[in-house]
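Given chain X, work out where chain D should sit, using these hints.
Residue numbers (the numbering used here), protein chains in the order written: chain X, 7 to 458; chain D, 7 to 458.
To be clear, the hints were calculated from the coordinates, so they are not data collected in a lab. Any given hint might turn out to be false.
Repeated chains share a single entry, so a pair holds when one copy, or any two copies, can fit it.
Said to hold, decoys possible - SDA-like mimics (lysine to any residue), calculated; alpha carbons at most 20 Å apart, straight line: (1) K165 / L199; (2) K225 / R98; (3) K356 / Q15; (4) K26 / I198; (5) K283 / R363; (6) K283 / V370; (7) K116 / D76; (8) K283 / V414; (9) K283 / I410; (10) K225 / D254; (11) K186 / L126; (12) K246 / P138; (13) K201 / R167; (14) K116 / Q15.
There are 2 protein chains.
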Amino acid sequence: MNRELSIEQLGSEIIRLIEKNRTSEVVLIIEELQPYDIATLFELLPGEHRPAFLDLLDIITLTDMVEELDSEEQYDVFSLIGTQRTTEVMDRMDNDDLASFLGSLTNEEKDAFLSSMDLLESTAVRQLMNYPPETAGRIMNNRYVWIPQHYTVREAIDKIRDFADISEAISYLYVIDEDKRLLGVVSYRDLILAKLDDRIHQIMYTRVISVTVDMDQEKVADVIRNYDFLAVPVVDENNKLTGIITVDDIIDIVIDEANEDIEKLSGNGRDIDFDTKPTVAAFRRLPWLVALLFIGMISGTIISRFEDTINQIVALAFFMPMIAGMTGNTGTQSLAVVVRGLISKELKGKDVLRLVRRELFVGVIIGLICGVLVTLLAYFWQGNLMLGFVVGLSLVVTLIIGTIAGTVIPLLLNKLKVDPAVASGPLITTLNDVLSLFIYFGLATLFISYLI
Amino acid sequence: MNRELSIEQLGSEIIRLIEKNRTSEVVLIIEELQPYDIATLFELLPGEHRPAFLDLLDIITLTDMVEELDSEEQYDVFSLIGTQRTTEVMDRMDNDDLASFLGSLTNEEKDAFLSSMDLLESTAVRQLMNYPPETAGRIMNNRYVWIPQHYTVREAIDKIRDFADISEAISYLYVIDEDKRLLGVVSYRDLILAKLDDRIHQIMYTRVISVTVDMDQEKVADVIRNYDFLAVPVVDENNKLTGIITVDDIIDIVIDEANEDIEKLSGNGRDIDFDTKPTVAAFRRLPWLVALLFIGMISGTIISRFEDTINQIVALAFFMPMIAGMTGNTGTQSLAVVVRGLISKELKGKDVLRLVRRELFVGVIIGLICGVLVTLLAYFWQGNLMLGFVVGLSLVVTLIIGTIAGTVIPLLLNKLKVDPAVASGPLITTLNDVLSLFIYFGLATLFISYLI
Chain X
7 MNRELSIEQL
17 GSEIIRLIEK
27 NRTSEVVLII
37 EELQPYDIAT
47 LFELLPGEHR
57 PAFLDLLDII
67 TLTDMVEELD
77 SEEQYDVFSL
87 IGTQRTTEVM
97 DRMDNDDLAS
107 FLGSLTNEEK
117 DAFLSSMDLL
127 ESTAVRQLMN
137 YPPETAGRIM
147 NNRYVWIPQH
157 YTVREAIDKI
167 RDFADISEAI
177 SYLYVIDEDK
187 RLLGVVSYRD
197 LILAKLDDRI
207 HQIMYTRVIS
217 VTVDMDQEKV
227 ADVIRNYDFL
237 AVPVVDENNK
247 LTGIITVDDI
257 IDIVIDEANE
267 DIEKLSGNGR
277 DIDFDTKPTV
287 AAFRRLPWLV
297 ALLFIGMISG
307 TIISRFEDTI
317 NQIVALAFFM
327 PMIAGMTGNT
337 GTQSLAVVVR
347 GLISKELKGK
357 DVLRLVRREL
367 FVGVIIGLIC
377 GVLVTLLAYF
387 WQGNLMLGFV
397 VGLSLVVTLI
407 IGTIAGTVIP
417 LLLNKLKVDP
427 AVASGPLITT
437 LNDVLSLFIY
447 FGLATLFISY
457 LI
Chain D
7 MNRELSIEQL
17 GSEIIRLIEK
27 NRTSEVVLII
37 EELQPYDIAT
47 LFELLPGEHR
57 PAFLDLLDII
67 TLTDMVEELD
77 SEEQYDVFSL
87 IGTQRTTEVM
97 DRMDNDDLAS
107 FLGSLTNEEK
117 DAFLSSMDLL
127 ESTAVRQLMN
137 YPPETAGRIM
147 NNRYVWIPQH
157 YTVREAIDKI
167 RDFADISEAI
177 SYLYVIDEDK
187 RLLGVVSYRD
197 LILAKLDDRI
207 HQIMYTRVIS
217 VTVDMDQEKV
227 ADVIRNYDFL
237 AVPVVDENNK
247 LTGIITVDDI
257 IDIVIDEANE
267 DIEKLSGNGR
277 DIDFDTKPTV
287 AAFRRLPWLV
297 ALLFIGMISG
307 TIISRFEDTI
317 NQIVALAFFM
327 PMIAGMTGNT
337 GTQSLAVVVR
347 GLISKELKGK
357 DVLRLVRREL
367 FVGVIIGLIC
377 GVLVTLLAYF
387 WQGNLMLGFV
397 VGLSLVVTLI
407 IGTIAGTVIP
417 LLLNKLKVDP
427 AVASGPLITT
437 LNDVLSLFIY
447 FGLATLFISY
457 LI
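Okay, chain X solo, but in the shape it has when bound (with noise of 0.2 Å):
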């Protein structure tokens, strides 16, 4: 009856129904959801239905709702279900998620929500937030099975019987040695197919690929994406297991990634979303503006200098924005392609050289074209061929210079180890602005006889 209703109309039927008491019938509802849409569905209710909607749901169901909200709700369950739910949700939680959870909170938070917790499931919690932040160790969880090679396909499944309430999200059964030293993996599928008699060694994949407690989240997502796994697991240096990354957790990373490298080429601050308050959003962005309205002042000293140069050939004024408005515009596309390039490859020295290369190339062809255009625009306009001549020549060079400008800050950047995400599109277009007036006035002033 429910698959036809959105989960809007699930949620007012809910509230109605809590309002009469009639909790069973929300209990029957709920059995058929899945955690996002019990989470949904939980972001919908106001308030005052909350605590009443939360009773309803089992240790379990409660659990899988909370690994689907963001820290701020989860916060706002956890006190609304009090201090004994709070603590068996932490125990069941996976690790990574409860990591995320408590990284947002303060310490003395943090040491209070860890000291309620089984002793076992709070050091491996411990032991995650160890892990510096984006490093395979940091979003690993520890919700596996692993089996030794001596068990028969029988005992392994009896196994995954045991840890039923984890094993609904895996897709692998993991083998190690005595020492926890990951020999081989066997899918759900090997099992299948398999004899109950047969042993987990002769069934099992063996040239296993994994992935370091250090390695950067972004690799990890690399190794899943390009082999197609749904999982990978976690080794330390001795090849001992650690824990196992999954597939829906990649996705995130991925679109993670991506919104960073947009947050790099708009010069946005940090995580502004729809939801973001106008003065959080403001002063994530302002830094960046205001060192920008320095550099930009910087552009304005520059013109003061060439004063005499205008005052003599006021039209030179007029070409002013459309120079620098152009080179910051190429620079900006070549950091694109350079930023989401650095992503997905990791560059040596050869490669760096082509790409310099071939960005040079491409400002050569992009500046000579649109040079000779806008030297005839130039020209038809003001009547003055000398004048348009030095608008296209100018143009010719701080489309090149702009154009690698925005290859190689990146790359030198990233080369440093800076902190990539210096190289905004904000700081490359203002750097061009500034590049680009100092050639363009440089070149008129140079040719200043000719065009009176």
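For chain D alone, coordinates are given in the frame of chain X:
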């Protein structure tokens, strides 16, 4: 033994073995590798060794490898292995991969390839290619296993055995009625945990979440991402099962969509990466640049209208690029938030209003702070309070307008169902240039008597 060797080392080893005609050893190496590794190996091999290498692959391995290559390399492989093996490979390929390959060919080539294929397979692919690009129908594949609900678990497992060569890539069995309508879903894990004599309808999950053939691929990605699915079934308007979409394809889609957004923001043409030839890259970027050149001339015309004003106070020209640049930057920041937000959220009327109001507020905060700052800077630099005031006031107004333009233009284009690529970063930047110069010189002319 091969675990420790890198793919490059394996490549050299294979070249050595092929040259010595020790092909059985090559086969042993290949057997241990994943399709992605074999594809990487193939790409590493010089042209002269490729035919010998391809000869050593059995048809299943060859198919798996071909699916990992890009269209150009697939074409190369097909021309090397001859018509008969090509046909065998194509009959076995996932039909979404095959459709994607055929989509890169001319119509004549496509028909030639299709005509040699098994009729059943070629019909399936032709059907797929009838769906519009970027819809669920176009990206689904037919490598799924369906069962009737009266089957026992034992019968289901037998069916999986029969389809062993395709079942590796799947995670769920789909339960259908006699009209192929979707009734339920069963995971491999469900089969393992059930008894062999259980009926499928007893263990299947019935509130199946499916997508329709005409659904946009971004929406499909959202479904898989939100529900953490490994695959999602695709149904037609009568709820008839027509295909599945797997999570590995979704990761590629998520990356493609992010790249599209970045192309939008940077005004790059499509698909420029590190390997694109310079002429191709240049001509993909040129259309935007030429268009912007003409828009840039508009800003020139505006400035020329204010020639008298500039003639009287040349200092006005000093602040021109800063004002234009700052306005462009705030516009791009807003644009990035909107473009990125639109992919993750369906906007309703009241959301739009709330977003525009938020960005307006952001514009006011940013404008006031930067405006006051620049008033002071201009005053101290030029010693002219009124000039500082005009520059500052202009910046307040242009930053507010820039923010709103960066928000409203993409929203409007989205609403009008215009290809949102039109709302590129350079367009917003250049439009903001024009607007800001008009406001700046307008205000200056208004206050001209106080400025001299």
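Verification of the supplied hints:
1. K165 / L199: both (17 Å within a copy, 10 Å between copies)
2. K225 / R98: Answer is neither: 28 Å inside a copy and 31 Å across each miss the 20 Å cutoff.
3. K356 / Q15: Classified as between: cross-chain Cα gap 19 Å, same-chain 59 Å, threshold 20 Å.
4. K26 / I198: For K26 and I198, the Cα distance exceeds 20 Å both inside one copy (48 Å) and across copies (42 Å).
5. K283 / R363: between (44 Å within a copy, 11 Å between copies)
6. K283 / V370: between (44 Å within a copy, 14 Å between copies)
7. K116 / D76: within (16 Å within a copy, 48 Å between copies)
8. K283 / V414: between (36 Å within a copy, 18 Å between copies)
9. K283 / I410: For K283 and I410, only the inter-copy Cα distance (16 Å) is at most 20 Å; the intra-copy one is 38 Å.
10. K225 / D254: Result: close both inside a copy and across copies, 15 Å intra and 16 Å inter.
11. K186 / L126: Answer is within; shortest intra-copy Cα gap is 18 Å, inter-copy 48 Å.
12. K246 / P138: Within one copy only: 19 Å inside, 48 Å across.
13. K201 / R167: both (17 Å within a copy, 12 Å between copies)
14. K116 / Q15: neither (37 Å within a copy, 47 Å between copies)
Checked against the numbered hints given earlier, this structure breaks hints 2, 4, 14; the rest are met.
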